[in-house]
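Participant: Listed here are the chains, written in short residue letters.
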Amino acid sequence: MTLTCKHDEIGAPKASRRDALRLIGAAAVGSTFATLRIQPLSASPAEMRTALERITDGKPVTAGRVKLEIPPLVENGNTVPITVTVESAMTAADHVRAIHVVTEKNPQPNVISCRLGPRAGRAMVSTRCRLSDTQNVIALAEMSDGSFWSDSVSVIITLGACLEDLI
Amino acid sequence: MARALINIPPKAKRGEIITIRTLISHHMETGFRYTTTGTQIPRDIITTFVATYNGEEIFRADLFPAIAANPFITFTTVATESGTIALSWSGDNGFAATEQVQITVE
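Going down the list, the protein sequences come from chains F and L.
Add 70 to a position in the first sequence, counting from 1, and you land on the number used in the numbering used here.
Add 195 to a position in the second sequence, counting from 1, and you land on the number used in the numbering used here.
Note that these hints are calculated values from the structure, not bench results.
One or more hints might be untrue.
Just a sample of chain L residues kept apart from chain F, beta carbon distances all over 10 Å, derived [to be verified]:
id	residue
1	Ile-201
2	Glu-251
3	Ile-253
4	Arg-255
5	Ala-256
Computed spacing ranges between beta-carbons, pair by pair [what the hints assert, rightly or not]:
id	chain 1	residue 1	chain 2	residue 2	range
6	L	Lys-206	F	Thr-132	35 to 45 Å
7	L	Thr-214	F	Gly-134	23 to 33 Å
8	F	Gly-128	L	Asp-239	26 to 36 Å
9	F	Asn-206	L	Asp-257	17 to 27 Å
10	F	Pro-151	L	Ile-212	18 to 28 Å
11	F	Ala-162	L	His-222	33 to 43 Å
12	L	Ser-283	F	Thr-161	26 to 36 Å
Here a beta-carbon is modelled for each residue, glycine too, at the ideal position from N, C-alpha and C.
Construct the complete structure from the given sequences, taking the supplied hints into account.
Facilitator: Below you can see the structure in the form of structure tokens.
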């Protein structure tokens with residue numbers, strides 16, 4: 071009994087090493103095919119956080135001062151009107167330097183990055199975007215003093231972009 | 196040349212905040228779509244939009260594939276003096292378009 075156990079103990083790691091090598095090989099081939107064939111349908115919230123960090127350079131973001139207007143229920147995710155307004159005096163001393171919009175689950179988190187200055191008169195940007203899924207959309211404003219402010223809106227999408235019929 | 200629709204008031208009072216609305220025809224192919232045979236459709240989007248007022252940059256936007264087809268951008272500026280507002284779009288595959296609009300400031 072002890073002998074078989076010992077034998078098993080000696081034999082087991084060998085077998086698992088071989089299996090492990092086989093698995094690694096299969097995984098390498100599999101992943102090559104996976105990267106060739108499959109695109110991620112959506113990015114993860116973690117990717118959005120990375121995108122946000124790239125914009126803010128690790129500076130803290132406070133909720134407020136920014137207003138993101140977006141319909142809460144969207145039928146067609148291919149054209150979603152969005153408007154971002156920021157409370158700011160827009161003077162040379164105190165103005166909005168940039169406005170960014172990022173999404174949580176789109177294949178690429180960034181939507182738009184605008185640079186503006188005191189000559190804008192009012193901190194307002196409006197555009198139309200694509201949304202792939204029901205998700206949170208975040209608007210971020212960078213002030214002239216270097217602080218970041220944000221607003222987040224949860225949007226329900228009935229028909230997402232990127233899922234339309236193939237050509 | 197891509198067709199562009201631009202809405203800028205032709206006349207404004209000095210110091211007035213005017214709204215500039217722009218729309219340009221472009222299909223904004225995301226690069227995330229596939230044909231029925233499984234080949235990926237390459238990305239073809241407008242990446243940059245710049246607005247200048249008498250040569251001075253007043254607004255700039257970096258666009259990503261998440262912008263809908265026929266990009267529509269609205270922004271504001273202060274009417275400082277009479278002159279030209281130039282809008283230019285540039286993007287993948289050498290796409291470039293420029294439009295100029297005259298504005299009279301009283």
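Participant: Hints broken by the structure, by number, lowest first?
Facilitator: 2, 3, 4, 5
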